[in-house]
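Chemist: Okay, here's what each chain looks like letter by letter:
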Amino acid sequence: MLPPDEPLAEIACRVNGRAVRGRAALRQTLVEWLRADLGLTGSHVGCAHGVCGACHVRLDGAVVRGCLVLAAQADGATVETIEAAGGPEEAALRDAFVAHAGLQCGFCTPGMILQAAELLQRNPAPSREAIRDALSGNYCRCTGYHAIVDAVEAAARALRGPAATA
Amino acid sequence: MTPARFAYARPATLDAALDMLAREEEATPLAGGQSLVPMMAMRVARPALLVDLNALPGLDAIEATPGVLRIGALARHAAVLDHELVAAEAPLLALALREVAHPAIRNRGTLGGSLCLADPAAELPACMVALDATLVLASAARGERRVAARDFFAGLYATARRADELLLRAEIPRAPGWSPWFEEVARRRGDYAIAGLAVMARREAGRIAALRLAFCGVEAAPRRLPEVEAAVIEGRDAAALLPGLLAPLGSAEAPAAYRLHLAQLLLRRATEHAHAAA
Ligand SMILES: Cc1cc2nc3c(=O)[nH]c(=O)nc-3n(C[C@H](O)[C@H](O)[C@H](O)COP(=O)(O)OP(=O)(O)OC[C@H]3O[C@@H](n4cnc5c(N)ncnc54)[C@H](O)[C@@H]3O)c2cc1C
Chain H
1 MLPPDEPLAE IACRVNGRAV RGRAALRQTL VEWLRADLGL TGSHVGCAHG VCGACHVRLD
61 GAVVRGCLVL AAQADGATVE TIEAAGGPEE AALRDAFVAH AGLQCGFCTP GMILQAAELL
121 QRNPAPSREA IRDALSGNYC RCTGYHAIVD AVEAAARALR GPAATA
Chain R
1 MTPARFAYAR PATLDAALDM LAREEEATPL AGGQSLVPMM AMRVARPALL VDLNALPGLD
61 AIEATPGVLR IGALARHAAV LDHELVAAEA PLLALALREV AHPAIRNRGT LGGSLCLADP
121 AAELPACMVA LDATLVLASA ARGERRVAAR DFFAGLYATA RRADELLLRA EIPRAPGWSP
181 WFEEVARRRG DYAIAGLAVM ARREAGRIAA LRLAFCGVEA APRRLPEVEA AVIEGRDAAA
241 LLPGLLAPLG SAEAPAAYRL HLAQLLLRRA TEHAHAAA
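Top line first, the protein sequences correspond to chains H and R.
Reminder that position 163 of the first sequence reads as 163 in our numbering, one-by-one numbering, no gaps.
Reminder that position 201 of the second sequence reads as 201 in our numbering, one-by-one numbering, no gaps.
Accuracy of the hints is not assured; some may be wrong.
A partial selection of chain R residues facing chain H, derived with a Cβ cut-off under 10 Å [to be verified]:
| hint | residue |
| --- | --- |
| 1 | 7 |
| 2 | 8 |
| 3 | 37 |
| 4 | 41 |
| 5 | 107 |
Read the hints as simulated data drawn from the structure, not as lab findings.
We put the beta carbon where it would ideally sit given N, CA and C, even for glycine.
Given only the sequences and the hints, what does the whole structure look like? Please build it.
Modeler: Shown next as structure tokens:
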């Protein structure tokens, strides 16, 4: 809890398609504000200093660390969290993560899905190495990553259609 | 992991930003925040006033003039990595940026932030030295000032930038005929380099005519090594010179002797490549 005399910033932005006005402590990060004030708890706070990737959100269309952006910096911006990430890439990834056991505890999964979706938007047929590179900043402490790479590969195949599934 | 209290401003013009830096002694520019925000979270950095540069117009421009490629300080790593002009005029940066952090950090982190932070392991400062770039700074009191990259990096997290200055851009000489080489050793893709080497070489009539190189991760700051460059050009054993010339950093993970070994290994690979391509 921050003290009651904490300096605040006014924020007006779009979050998951909705216009939002609010206040955040100046020293609050974007992910903390999304979770505590907007109830969007899909982005997780893992390391809180940029290493683990559990806090990923989309800021003006690009996937970023939610713990390395101040809430005040979201003023005027467009933010998207896993709760609203419903594009074809995310849908295919969600199914593939389940089918391939790409998650166990699930803490890292929202960050993984957003980062993998950005990869698939740019590269519809990534190699396993390219998948590992793209997810190099997302820590998973359960799966050993292999199943995650399988899942992203399978999602990419599914998105490319039946011809690619063989 | 809550930072100490700070004041925050997001100026809309360069003049306003420079005024803030001139007036407030402990004002600190905030670019991508990919190093400064974690440092604040750990309270290694405690700025009194954060001057957020993200609303400054045009500071992220990437453009070519007849003589140089200009990359604005606020250009994100991801934008530089993907830019056609960079691929054409400074491909060394694209080679190195693949090794810089992870996609989400590259989406936000900036060229200027990396150069002003001057982490000894960072790739981009070494590239700027190898590219013979010029860094353009500005302050309210003194206007613009140009510093050669080789004079900018002064030591561990230390640069020639004064507290009231902003880095505006890097200017990289357009150099047809020069080709780049970059490699590093890191624990995983995206980690800071334990040791890395940036090289620019120009070939003429089947031999290396000119060469510039700079290590990252090895010494406190990147610098040119003229004796080593000459040895590579003349085909002498350049790696044998490194023990006498380098003052490698040491850490628990990578002792000085290991960094020296990696520096020699990288230099041998680069030399082989340069001669094979010549
Ligand atoms: C997990 C992780 C891994 C990383 N791995 C690497 C890596 O492998 N290699 C690497 O090089 N980097 C790495 N980084 C750091 C990343 O590249 C940062 O983006 C970069 O170091 C700083 O850029 P920034 O724009 O985020 O700067 P900020 O964090 O905003 O600022 C950094 C410093 O520069 C100053 N500054 C910024 N812009 C200006 C300006 N225009 N004028 C004057 N001063 C300015 C700030 O005041 C501050 O002191 C990593 C970061 C993380 C979190």
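Chemist: Against this structure, judge whether each hint is valid.
Modeler: We went through each hint and held it up to the structure:
1. Because the beta carbon of residue 7 of chain R sits about 7 Å from the nearest beta carbon in chain H, less than 10 Å, this interface hint is met.
2. Evaluation of the residue 8 of chain R hint against chain H yields a held restraint, the C-beta minimum of about 5 Å falling below 10 Å.
3. Because the smallest distance between the Cβ of residue 37 of chain R and any Cβ of chain H comes to about 5 Å, under 10 Å, the interface hint for this residue holds.
4. The closest approach between the C-beta of residue 41 of chain R and any C-beta of chain H is roughly 5 Å, which is under the 10 Å cut-off, so the hint is satisfied.
5. For the restraint placing residue 107 of chain R at the interface with chain H, the shortest Cβ-Cβ distance is roughly 4 Å, inside the 10 Å limit, so the hint holds.
The structure fails none of the hints (numbered hints given earlier).
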